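The whole structure should be built from the sequences, with the hints applied where relevant.
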Amino acid sequence: MMVPVRCFTCGNVVGEHWEEFKARTREAEEPEDPEKVLDELGVERHCCRRMLVSHKDLVDIVSPYQ
Amino acid sequence: MTQDYEVEFVERGEREARILVRGITPAFANGIRRAMVADVPTFSIDTVRVIENTSVMFNEQIGLRLGLVPLTTDLDDFEIGDEVTLSLSVDGPSTAYSSDLVSSDPMVEAADDNIPIIDLKEGQRLEVEADAVLDTGREHAKHQGGVAVGYRHLQQVEVVGDLGEFEDDDPNILRGVIEEQAAEHAAGDATNGELVATDEFDNDLRNRYPGKDVEVSDVPNAFVFHVETDGSFTTEELVLRAVETLRDRATELKDAVQL
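Chains as they are written, first to last, in the working numbering: chain G, 1 to 66; chain W, 67 to 325.
Because the hints were derived from the structure by calculation, they are not lab data. Be aware that a few hints might be false.
Below, a list of computed lysine-lysine pairs in the DSS-like style, where the Cα atoms sit at most 25 Å apart [to be verified]:
#1 K22/G with K36/G
#2 K56/G with K22/G
#3 K22/G with K187/W
#4 K56/G with K36/G
#5 K56/G with K187/W
Bear in mind the structure is a predicted one, so any value in this text is a computation, not a measurement.
Below, the structure is given as structure tokens:
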């Protein structure tokens, strides 16, 4: 629903990078390459990278059904 | 067992460092690693009193997310079991961030400001009061100060000859840190005894020693630790505190078995 605060595997904090990652790779008019964005954000390990790459925000989808 | 040991920084940063330690046994290296993960305490939210939660998430889910937010910890001023109260109050439409946590003690606050806790829509509201407690990673993973702490042997590369002209040109991948022993064959500037992280030559020994046949071996009793923290304290603090807990336990054992 919301982005996980930490990487499930190693415990590194990944939540703080989510909004920038989302803005640059999915919402920008010219989306950047996620690989490059993750490198620039300093998310190095592939366990942490998959946390951001595979995430989808669901709050907007769930909220009408409260 | 008394043996001389030596500590050297390969890379040094606030949150990430690589440290070379010589003259310790593999068992002791693992002891330090385990102490860094399990025995250095950090503050983490443990109890949450929900005053109002009309968000799309359950109280328990909010509690879990708050528990995972790293909090700055000064280990000189607190003891295991100490509590600090934090509060969070956000009205929708907006997002509650870790920076919205208001602490009763300025020394304990969120280490990262941009962690989204929950997205609130129009008319939704989150108000909680939370107690952060100082405890060790042994008790719960949220109290771990060290993240992805590990070590490798320091490695040395020996040039054993030239590659044949028609030999297979396969990559020769190596990770970790090498101690330069064959500077005369290395590409670029190199001096013997220098510590080189393998990512400097893209982890491929062909780039470092072009056209040479090489053999890699471990340097005995030398370990390169990779230490990363979640922001609760610096890497230096983490390593020193870990070694201190080991020393305390060794002293305790020595006193206990003395006649």
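Practice item. Please name the hints from earlier in the document that this structure breaks, with their numbers sorted from lowest to highest. Key: none
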